[in-house]
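Colleague: Please construct the entire structure, taking both the sequences and the accompanying hints into account.
So the sequences go chain by chain: A and B. Residue numbers for the first sequence follow the numbering used here, beginning at 673 and rising by one. Residue numbers for the second sequence follow the numbering used here, beginning at 673 and rising by one.
Source of the hints: derived by calculation from the structure; they are not laboratory data. Computed from a prediction, not measured in an experiment: that's the story for all the values here. Among the hints, a few may not be true.
As the list claims (entries may be wrong) - Listed next, the in silico EDC-like pairs over lysine to aspartate or glutamate satisfying Cα-Cα at most 16 Å (straight line):
#	chain 1	residue 1	chain 2	residue 2
1	A	K1162	B	D1019
2	B	K1162	A	E1079
3	A	K1162	B	E1053
4	A	K989	B	D990
5	B	K803	B	E1053
6	B	K725	B	D709
7	A	K1003	A	D975
8	A	K762	A	D681
9	A	K710	A	D755
10	B	K989	A	D990
11	B	K1162	A	D1066
12	A	K675	A	E733
13	B	K989	B	E947
Said to hold, decoys possible - Stretch-level coverage of chain B by chain A, calculated; a stretch enters the list once three of its residues show a Cβ under 8 Å from a Cβ in chain A:
#	region
14	784-795
15	814-824
From the three backbone atoms N, C-alpha and C, an ideal C-beta is built for every residue, glycine too.
Number of protein chains: 2
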Amino acid sequence: MTKKIEKWDYFELELRATAPGNPFLDITLEADFTHTDKSVRVAGFFDGEGVYKIRFMPDLEGSWHFVTHSNLDVLDNKSGSFDCVAPSEKNHGVVGVINQTNFAFSDGTPYHPVGTTCYVWNLQGEALEKKTLETLKEGPFNKIRFCIYPKRYTFNYNEPENYPFPGEVKEKWNPQHQDDYSPRPHDDWWDYDYFNPEYFQHIDDCVLALRDLGIEADLILFHPYDFGAWGFDCIPEKVNNRILKYLVARLGAFRNIWWSFANEYDLFQNKAIYEWDRYMKLVEKIDPYHHLRSIHNCRGFFDHSKSWISHCSIQSKDLSLIPKWFDEYNKPLVIDECGYEGNIDRDWGNLTGKEMVHRFWQGFSLGAYVGHGETYINPQENLWWSKGGQLQGDSTRRIAFLRKIIEEFPEIGFSLIKPTSPSFIRKTAGCGIYPEIGLHYFGVHQPSFKLINLPEDGTWQIDIIDTWEMTITNAGSNFSGLCRVDLPGKEGIAIRIRKN
Amino acid sequence: MTKKIEKWDYFELELRATAPGNPFLDITLEADFTHTDKSVRVAGFFDGEGVYKIRFMPDLEGSWHFVTHSNLDVLDNKSGSFDCVAPSEKNHGVVGVINQTNFAFSDGTPYHPVGTTCYVWNLQGEALEKKTLETLKEGPFNKIRFCIYPKRYTFNYNEPENYPFPGEVKEKWNPQHQDDYSPRPHDDWWDYDYFNPEYFQHIDDCVLALRDLGIEADLILFHPYDFGAWGFDCIPEKVNNRILKYLVARLGAFRNIWWSFANEYDLFQNKAIYEWDRYMKLVEKIDPYHHLRSIHNCRGFFDHSKSWISHCSIQSKDLSLIPKWFDEYNKPLVIDECGYEGNIDRDWGNLTGKEMVHRFWQGFSLGAYVGHGETYINPQENLWWSKGGQLQGDSTRRIAFLRKIIEEFPEIGFSLIKPTSPSFIRKTAGCGIYPEIGLHYFGVHQPSFKLINLPEDGTWQIDIIDTWEMTITNAGSNFSGLCRVDLPGKEGIAIRIRKN
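Modeller: Shown next, in the form of structure tokens:
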């Protein structure tokens, strides 16, 4: 019987071969997957113990046929077929950009990223990783940023269970290097001609576990938080190219993958802008599924207008600049880092829960997507932002409340309303924008009322949202024309306007 | 007996004359005031009813002699003398700039402006003006911004009791003009060849009443909130020059005068940058006392680096830019407008009390001076920001608490501390600035601790300040070297570091 694969699930072909030489460098393996209407060539990869794999994500229902190509006879010209069937209920495909500044899945379902960050949750051992997945299952997040490499930094002094390359740490790490981003390669510690399949198999498992929770895996391919602990921030470009090809071959067929080329690209002292461009262009070229590609900054932004960048992944605490960024890039804005709720010493990690929620509302009401993180000190030093585990902050359930509101908007994306000036004497229309739906957030402002100019060709419902108390109060369902809406005169209030 | 005048008080010579023609245009009057060590020429002014006055503020103790010069015989060559005696306890002289970015009085007493705004409190009639002065007497403010001309704007639809020029409002104001800054001169309503002395006498009274409360009068010479109600924003330059000379002659001798050339200069559609420059340069030239000169913006800043501008009078809600502004201008920064506490519709007038206090602390801890305003709706529509009256907000008493802390700093101005990074493992010094005194404010951040690198050549007292609860808690009096300070882990906390 022909194997059945859901549309946007992945088909995996496993082949076995033993051959002299280095399977990572010496063996080529690809396959053509062919449907009545299209043909796709994908790369295979070596998965250790004589096992080669080819993964493929079909995006058309019906019968697919494949045939392999290899320089090793035993892997070459293998063929077969499978049936691609309708996706199951929770499978909407791959997230892509629509309407310039928003996201949707392949099947058209809107996707509003509500992300969190756990940089190396995937390198903490089974118990904590299980705990993290449980937390994610209960939480409001539908995207998570994490790294393929281990991280050395404050609150991150543990070693991973294994490493991406054969080799070992040969020198005790020198704490004096903390925060000094000078390149410290350790090419003699690792054999970069080989990958450690076990290490990458675990990344597979993590990505698939997230997929099953409906969470996009925003995978960080390079990060500067090494400080000489492993030298993985100094891997030569030639090796990086092989790693990227390997990751695309392994993970590209997983529908929930996003490629995040860097956390804080600008902290790397050994990579020029053009090197980043080359990595992104390489993946753009070899990824048959066109997963999203972004690059995240510490201070100055990368030039997000470049065509190989699908959306802006931003670090900034000043969300009032969102309209400027839209003007500049006209791409979806994902503010992956605007500070984290917590109580550590550093200012990026000690926002009040209220401020975290405030920034979420500020960003979402301006049409951007804001990301969460949490950095509360605990005795185990398992801070969510890096290691995952449990959440203890005040913002998470308010973010869940916001997500629900965002997802209730019937349209993809959402418009903004711009309330008019308050003059009691001005009756003129002509101020403001008149969408059929709108969300306006007042933040630290506490207006006791707003005058809103609505089109007179319909009636409108207005709800008052208390973003902290998580209440929605109907202010009236029959607004039209120039209206006065009385407001509670406290901070953290938003209004939602919907056409009847 | 020779008259005695306190140093920095004013001497006034009153002369009487009747003559044909226009006393404002046809009569010249000046006087030379001579002390052993210096001689100062000052202008006189016509005060109505045949009265001419010459005011002079002496800045040296001892005997002063004067002699007048006029083109009218009866006013010419009048002479006399007075004794300048030591100032009384609360008289510290004129505020000027010291140490590039701070202020002090003539006698060296530091002056930290803690200002408020009541744009036209002086044009509201006796009862409300008296109330305003009572409120100011109890409050924390030592500077107030107000206008010489009446104001038309939302919540400002009343007429003043009289006008600066002979004439009358000849047309009912058209509310459609609200917010339209197009020039609407009414040169045919007013006789700009004459001033109405009564109108200006009242400004004298207001400035002196403020002086007696220890409050600097930051007098706004031009503002754009006219909208055709009177056309005072469209007075011809030639007339404006006469008004400025008249104001300098009348008010210059009052020690608490500051010249604010505009509220929101950039909203005038009929004045080029060079016209503003000419006004400021004129006053710079004719004001013998060199009172402070500033010009306030709505959006884009005036170029505060020009030599005739003594300090930056800024409107901005983004106080994180303060270090940039210091870099750019190297002058005192007075953020006269960063939004007001209140609950009106417009975002500049509906900050929570907490946000107002937050902005005060944010600005002061960065070395700038933040100004207050209040815009709570009340049945009489007497909003403090414009008409004065009573205060009802939450910020005022917290601002009083802050003022007390600022004034307790023994030095002029105050330094900043920059706490080091929190790394548990880093023992190196070399981070941060090491003043002998410091104030650091954490705002929306809630660190549970901070590591601070103090010099090892002394011991230091650290206090934890709750800016909202207005408490000061000693965290220890014997800190030295690299120290950990435990903090309450809530928003709105500051620390103060003082050397023992």
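Colleague: Determine for every hint whether it applies to the structure shown.
Modeller: Results for each hint:
Distance restraint check for K1162(A) and D1019(B): the Cα-Cα separation of roughly 13 Å lies within the 16 Å cut-off, and the hinted pair is therefore satisfied. Pair hint K1162(B) plus E1079(A) does not hold up; C-alpha atoms about 32 Å apart against a cutoff of 16 Å. At roughly 20 Å between alpha-carbon atoms, K1162(A) and E1053(B) are farther apart than 16 Å, so this suggested pair is violated. Among the hinted pairs, K989(A) with D990(B) is consistent with the structure: their alpha-carbon atoms are about 12 Å apart, no more than 16 Å.
Between K803(B) and E1053(B), the direct Cα distance comes to roughly 15 Å. Compliance with the 16 Å bound is thereby established for this hinted pair. For the hint linking K725(B) to D709(B), the alpha-carbon distance of about 25 Å lies beyond 16 Å, and the restraint is violated. A C-alpha spacing of about 12 Å is found between K1003(A) and D975(A), which places the hinted pair at or below 16 Å, so the restraint holds. For the hint linking K762(A) to D681(A), the alpha-carbon distance of about 11 Å falls within 16 Å, and the restraint holds.
Distance check on the hinted pair: K710(A) and D755(A) sit about 15 Å apart at the alpha-carbon level, within 16 Å; holds. Distance restraint check for K989(B) and D990(A): the Cα-Cα separation of roughly 12 Å lies within the 16 Å cut-off, and the hinted pair is therefore satisfied. Restraint check for K1162(B) and D1066(A): the C-alpha separation of about 13 Å stays at or below 16 Å, so the hint holds. In summary, the hint linking K675(A) to E733(A) is supported, as the alpha carbons are separated by about 13 Å, within the 16 Å threshold.
A hinted pair counts as satisfied when its Cα atoms are at most 16 Å apart, and K989(B) with E947(B) does not qualify at roughly 27 Å. As drawn, the region 784-795 of chain B meets chain A at 0 residues by the rule of a beta-carbon pair under 8 Å; below three, the given contact is violated. Residue count for the region 814-824 of chain B with a Cβ under 8 Å from a Cβ of chain A: 0. That is fewer than the three needed, and the coverage hint is violated.
Hints 2, 3, 6, 13, 14 and 15, counting from the list given before, are not met by this structure.
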